[in-house]
Each structure stands twice: as C-alpha cells, then as structure tokens.
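Trainee: The whole structure should be built from the sequences, with the hints applied where relevant.
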Amino acid sequence: MRDVIASEWLKLRSVRSTWWALGAAFFLMPLTGLLIGMNTSSDQLGNPSYDALDTLTGTAIVQFAFGVLGVLSISPEYGTGLIRTTFAAVPSRSRVIAVKAGLLAAVFAVAGTVISLVTFLVGQAALPAGLGVSLGDPGVLRAVFGAAFYMVFIGMFGFALGALIRHTQGALSVLMAVVFVIMGILPSLVPQSLQDSVAAYSFTGLGRSLIVVKPVDGVTTPLTALVLCLVYAAVVLVPAFILTNRRDP
Amino acid sequence: MIEAIGLTKRYGEKAAVNDLSFTVRAGQVTGFLGPNGAGKSTTLRMLLGLDRPTSGTALIDGRPYASLTRPLHTVGALLDASAFHPGRSARSHLRAIALSNGIGAARVDTVLDEVGLSSVAGRRAGGFSLGMKQRLGIAAALLGDPQLLIFDEPVNGLDPEGVHWIRTLMRDLAARGRTVFVSSHLMSEMQYTADHLVIVGRGRLIADKPLSDLIDSAAGTHLTIRTLPARRGELAAALEALDARVETRADDALAVRGTTPQEAGLLAHHRGIPLTELSIQRSTLEDAYMALTDDAVEYRAKEAV
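The listed protein sequences derive, respectively, from chains A and B. In short: position in the first sequence from 1, add 13, done, that's the numbering used here. In short: position in the second sequence from 1, add 6, done, that's the numbering used here.
Some hints could be false.
As the list claims (entries may be wrong) - Selected chain B positions facing chain A (Cβ under 10 angstroms, derived; list incomplete):
#, residue
1, D57
2, R76
3, L78
4, L85
5, F90
6, H91
7, S95
8, H99
9, I103
10, G108
11, A112
12, V126
13, R129
14, L248
In case anyone wonders, no lab produced these hints; they're calculated from the structure. The structure displayed is predicted, hence computed values, not measured ones. Cβ coordinates follow ideal geometry from the N, Cα and C atoms, glycine included.
Mentor: Structure follows, in structure tokens:
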C-alpha cells in the first residue's frame, strides 16, 4: 500500500496540470473574496440578513479547477494506455483506485482549507469596517470548512467521472454539463412550486448552503447539504470503483 | 515460464482469441507471430491479468498474474510505446512505476542508462521521437530486472538502428537465460530474432514450433541442381528413381525436393554427370507461414474478404 501511495503521489506531483489547477484556485478564490469585499456597500451595516461569508462564494468559480484536476488525475492514464502499466505493476485495481482517490481527496482537503482560510481573511479585511466577522463567531469556522468540503466534493466528482468515462474530453464535457447545464438549468425547467427546492439541491445550491451563516431562502441546512454532497459523490464513485474492477482497461 | 491454457476472449459473438494454448520457455526468444487482428495483443493483455479471459487460464510460473506480489520483479512488459503521460519527464515516469514495486531511484538511473535515455531523462516524454518512446517503454519493462519479458510489436515504426538495438537486446536477454516473448506481424523480423515461434491466425493456434523446424518443414525448401543440358534428362530420371520430386524450372535448373545435397551429389558422381550448381534454397519463414495458413482454408477464405 505504501509503495502505491508513493507512486501515485509522484504521478500527481510530476505533471504541470496539477500545479496549474491548484495555482488557479489559489489565485482566483482569494481574488473573488477581495472583489466581493471591496464592492460591498457599507449600507449593509444595518441589514440583519447580510452575510459576511458571501466573500466565499468564489467556490462557484474555482470548483472547476478542482473538478478538472479530478478528471485529469485519472483519465489521461486511460487515454495513453498508461493505466495498463499501472495495473500490471499493481494487479489489485481496488488498491490503485482507492489510493488515487484517497490521495486526491487529501490534496483537495488541504488545498481547499488553505484557500478558504486565505479567502476568508482577505475578504473580511476588504469589507467595509464593521461588516466583517471573525473566525470565532458562530458558524464562521464551519462555513470556512464548508467551502473547503465543497471543493473536495467537486474534485472527487470529477475524479469519478474520469474513472467512469476513461476519456479526458468526454469526462470534462460531462463535468461541465452536470455542473452548468443539469444543475444550473434544471431548476428553471421544473414546476414553479419545486423550483426552490431543486435549486437548493443543485451543486451550486449545496455549495451555497455549506457557506452561509445566516440562512436565506432557497438554501438547505449545512448538514443536509453535506449529506447530499456525499450521496451525489457516492452515485458516481461507487460505480467508478465497481467498473474499474470489472472492465478490461 | 508463461502458459496459456485454452485462452478464449470473446467480444459479443466474435472470438478475438479462441482456445489458445501454448507454453513459452526460458532462455530463448519466442516469437508470437500472426497478422494484425489475430488476437496477439489481446492474448498478451490476458497474460498480464489486464483483460479477463472469457474462458481458459494464463499462468506465469504456474500462478495467475494477479497473485504475484510486486509483479515487475517477475514480468516486465512493453505493451504500447506511448503509454506515458506526455507532460511527465522520462525519469518521473519510470520512478513512479518503480516506486509502486518498491524499486529504488538508483535502478531507474541504471535502466535509463541501459536504454540510452540518460541525457534526456529530465525532458517531458511527450516530445520524444518514436524510437525514444520505444526505449522508454523497454526501460519500464526492465525496471524490476525480471526473468520474463513480454514485448508487443517492439520494432513497429523504428528506424534500422532502433530495430537493430531491440534485436540485440532481446538476443542478449535470452542469452542471459531470460524468457523473452515478443509479438510481431513481421515474419522477416522474427526470422532474425526468434528461436521458437507461436503462430496464430484469427485467434487460433496455427503452429508452436522451433523456428528451424518450421522453415525445414515448409515445402519451399529445395535443392537447385544444374548440369549440362544434354545430361539433364538423365539426372532428373535418376533423382526420381530415388523418390525425389523433380521440376525443371524455366531457367533450365532442376528444383529438387525430397533428397539431400549429399545424396544428389553422390548420385551424380556415380553416374559421371557433371554438376554446375548444387545448392540449398531455404524457404523463408514467410514461405512456411503461407504454407501453414494455406492449410487453414477457412482462415484464408475469410481473410480474402
């Protein structure tokens, strides 16, 4: 197991796409936090429903960096045929895919947490005086970790798509289709009465639920959002595991 | 030792590999020969535990591949020369494979040196020429210093220097007692490198014989005998009396099958017939292959479609 971890860790480190994706997230998310903070009017000072954690909504942008990195951490192995070398070197495919998934989740968790924290600090500093909150305030730490969790979720969703579809362009297209089209447009296609709940259960809705401190309309509770993310992830990860063992690479 | 026992792989109705059994022994180069689409690559993938056989078994030293721990120490394989991430350096590519089997960085450098890629080890493999890619693939196969080596079409698309290098490498490995199993659709190539041949067509075994037996058994091997035109009829009759089959060729030489140069030479001597040529025309592996597949009528008929 240790051998496989060392091998996969080197694979992840030794391609530029990993660093590009993480670098983009490290740059873009704090930048959005900064811009949102700077553009927030001090008029919000008296608004009881104003949520200072809005500065973390950059997750909606950087989620793609994580999703794409998830896809790219496995699909090129299928595209080039390297996966056969990998499975010939380690015949236990479950072990290979578990190590890949675990390692990637750990990288996403560390990167996501650091990015969220930095974004939080930048965003709060950029907010007009009196609007900011501190990490010790109720729900704030949970929201920061919520944003990190959402990035891990999207990253692993991408990984599962890559392992299922085994084709980089195909997996990236499906990722975009799911996040943008299905999750973005679906709410407007269902009857009016269902729109709010469907929107709340979309990826973006769940991402929002995970980072709000002051509940607003159209979001579910952070706990429900967490559970739903795990369900969505399982829907693609479980078949990815089963099919990796069953299909000829 | 590699064993295939009744290996069968079906994709729907079509059998890519059909009840294939053979054994690959140590200390020699065994060629795995057959036209494109004969099921060679599928067979190799089944040997490596990658493709699951529909039925039958593949064994490496008597065990299924999947039961090997750190298999690179037992079997090294080159399946596809472009099986690497184009953005990863040659060294990182090999080190990642090596790490998965507990092989150290020093061995990676040794192997890089062996295949002549040391000077470009830090470069991204995507920019490699076909010959360099092939060397990188072979380096990966050599990492665990395995007893068994499997190469799928290793000379495909290589320049003469690359072809020569791979031939020499395979001969060296076999000379050091390694088991080398190499697939090819090029008969001339196998004639240079293989000691033993496993020949397949349409997923079925056609022959499993030493190269020399295959060539000798082929109908193409014959003697070419020339004499003075006046004595030709007499010589032909005398040879036929020895049960040899004699044909007079367009260039007036006799093509003789079913006798040896010694027999024919002595016969001519005893009869006082002067010979101007007595030579053996060895058939090529290609002749042998054509003769073999001629027998498999169904195969040829379908191939022609």
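Trainee: Are the hints correct? Go through all of them and say.
Mentor: Okay, the hints, checked on the actual structure:
1. The restraint placing D57(B) at the interface with chain A holds, with a minimum CB-CB distance near 4 angstroms, inside the 10 angstroms limit.
2. Hint on R76(B) holds. Least Cβ distance to chain A is approximately 8 angstroms, under the 10 angstroms limit.
3. The criterion of a C-beta within 10 angstroms of any C-beta in chain A is met by L78(B), whose closest approach is roughly 5 angstroms, and the hint holds.
4. A cut of 10 angstroms between beta carbons decides the hint on L85(B): the least distance to chain A is about 6 angstroms, and the hint holds.
5. Among the interface hints, the one on F90(B) holds; its C-beta lies about 6 angstroms from the nearest C-beta in chain A, closer than the 10 angstroms criterion.
6. Annotation: H91(B) was flagged as interfacial toward chain A, and the flag holds, the nearest CB pair being 6 angstroms apart, inside 10 angstroms.
7. Interface restraint check for S95(B): the shortest CB-CB distance to chain A comes to about 7 angstroms, inside 10 angstroms, so the restraint holds.
8. The interface hint given for H99(B) holds, since its Cβ lies 8 angstroms from the closest Cβ of chain A, which is under the 10 angstroms cut-off.
9. With a least beta-carbon distance of about 6 angstroms to chain A, the hint placing I103(B) at the interface is held under the 10 angstroms criterion.
10. For G108(B), the interface hint holds, the least distance from its beta-carbon to any beta-carbon of chain A being 5 angstroms, beneath 10 angstroms.
11. This hint is violated: A112(B) has a C-beta 15 angstroms from the nearest C-beta of chain A, more than the 10 angstroms allowed.
12. For V126(B), the shortest C-beta to C-beta distance to chain A is roughly 16 angstroms, which exceeds 10 angstroms, and the interface hint is violated.
13. A cut of 10 angstroms between beta carbons decides the hint on R129(B): the least distance to chain A is about 13 angstroms, and the hint is violated.
14. Look at L248(B): its Cβ only gets to about 56 angstroms from chain A, farther than 10 angstroms, so that hint breaks.
The structure fails to meet hints 11, 12, 13, 14 from the earlier list, while all remaining hints are met.
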